[in-house]
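**Student:** As a plain string of letters, each chain reads:
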Amino acid sequence: MLIKIAKPSDLHESDVTPESIYLSRRRFMGGMAGLGAGLALSGHARANADYSDVPESSAPEWLKEKISETQWRAITPSNPEKDKIAPFDDASGYNNFFEFGTDKGDPARHAGSLETQPWSVVVDGEVNNGGRFALEDFAKPTQFEERIYRLRCVEAWSMVIPWLGIPLADVIKRADPTSKAKYVRFETLVDPEQMRGQRSSFSIIDWPYVEGLRLDEAMNPLTLLAMGMYGRELPNQNGAPLRLVVPWKYGFKSIKSIVRISLVEEQPVNSWQQIAAEEYGFYANVNPEVDHPRWSQATERRLPNSLFNTNTIDTQMFNGYADEVAEMYAGLDLRKNY
Amino acid sequence: MATQYKWLAWRVAVFLAALAPLLFWSWQVANNAAGPEPGRYLLLNIGIGALWLLLFTLSLTPLAKLTRWKGFALIRRQLGLWTLAYATLHMLSYALFILGLNWALLSSEIVKRPYIIVGMIALIGLAVLGATSNRWAMKCLGKRWKPLHKFSYAILGLVLLHFFWVVRADMQEWAMYAAIAALVMLTRLPPVARTLPKLRYRFSR
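Protein sequence lines correspond, in order, to chains F and H. For reference, each letter of the first sequence is one residue, going 1 to 338 in my numbering. For reference, each letter of the second sequence is one residue, going 1 to 205 in my numbering.
FYI, nobody ran anything at the bench for these hints, they're computed from the structure. From the three backbone atoms N, C-alpha and C, an ideal C-beta is built for every residue, glycine too. Each hint can be trusted.
Restricting the straight-line Cα-Cα distance to at most 25 angstroms, the calculated cross-link-like pairs of lysine to any residue (SDA-like) are:
hint, chain 1, residue 1, chain 2, residue 2
1, F, Lys-336, H, Glu-109
2, F, Lys-104, H, Glu-173
3, H, Lys-112, F, Ala-156
Just so you have them, the derived chain F footprint on chain H, three or more residues with Cβ under 8 angstroms:
hint, segment
4, 37-45
5, 87-100
6, 105-112
Excised from the complex, chain F in its bound form (with noise of 0.2 angstroms):
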């Protein structure tokens, strides 16, 4: 079945900034200068996310053809006003993925050599279902749908981005967990070959990255298992060609480019925790009232911002997915368990 695009040019005329304001927006007016003249023209963020941008799609045959089945906008914002969905530029050229290395750049720069065709997961531990899967067919059974989703960094910044993929929680039930299974765990691949921060002798990073779900957060209807984002197939930077979306926590545990999936029955150490455990935790839940060590995250900057305009907002608890997800944390302390 096929359910019609809300295309973005559906959008009122209203909501497109004008021309000449949205050229001037970050126009740095001549350093400390222009900084009356800045605020006057800093109010507008950009018009409304549209497609067109959207540099067009090299996505083998089978994954186009997903992606054209897709369910479109199947959860979106409930104000979109508020949550605009970032240009594709700055959510493809604005990263962390340390294993092309640690600057925002850098993965845009070169994730380039990562080689995403062919691809395959394997699916282990405590599953009556294994076995490793060509990425066609571990996507095959499910529709795509698109997710327009607000990911909160733990360096307190944020973007709104269109996912496309899959419940989780259908790769989960295909795989038939045994009893024993209470936690998944997650690992990215491994290449130096491919992967230049892997090749950095200074990195505190114990390669492969490795996240971890308790199982009913990966049965959660909003976990997501992307495979594309605004339409197209996910660029390389972003973790292509599969990768996690868990929008109610920190954006490192929605780890990328995954090559297994265990079922498992320990509580799984994720990277960030093994590098500085004092700092970064298991849950990771977004959470206003629990900073990170070294700064606050009562609040955060919705990106793009601009120079005189940092857009800071208040971050909401469970990065206000709340009432879909607060109650599976009923009676855990979130101060101990950050």
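Since chain F is already given, all that's left is putting chain H on it; use the hints.
**Tutor:** Okay, now just chain H, sitting in the frame of chain F:
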């Protein structure tokens, strides 16, 4: 006369070279080429720029000893003041583009982020050195001027600590700067400092 113009040209060239990065970053921001968070782009680039300038400034004395070229000594004050200028712009970028001049947030952030305090101390130190870098202050301070300005090495230590606390995962970049800083400091240890001019004789023979 001709040599005088030569030194003036040298100083102007250094001035323009130190100014160029600021113009380049501003131009990038003006052209939307600085990414979705232009304020942070300026903050980080200017901060690293200040560290480079501090390292350049502190390597001038050992370089002068090694080569005896007058040009190095001539630009020491200028580069020191450029370091102060970059450090000040770095702090202003933080206040304007990250905090958005929200001073209430600043007071809570300062308590939570020790590296901001360390950075502020380093900036105050640079300001003191900048204020006492003119001839009049040198005359007033007399013999005390030199020990006071040796504090620039302590400031370098603070700057590296400030930087160290910001790093999240990969120490490579920080380690590179720390290694250069260690090398610069090493050249000021008396036994090494005494050897530098001798090295020059060896090279020149």
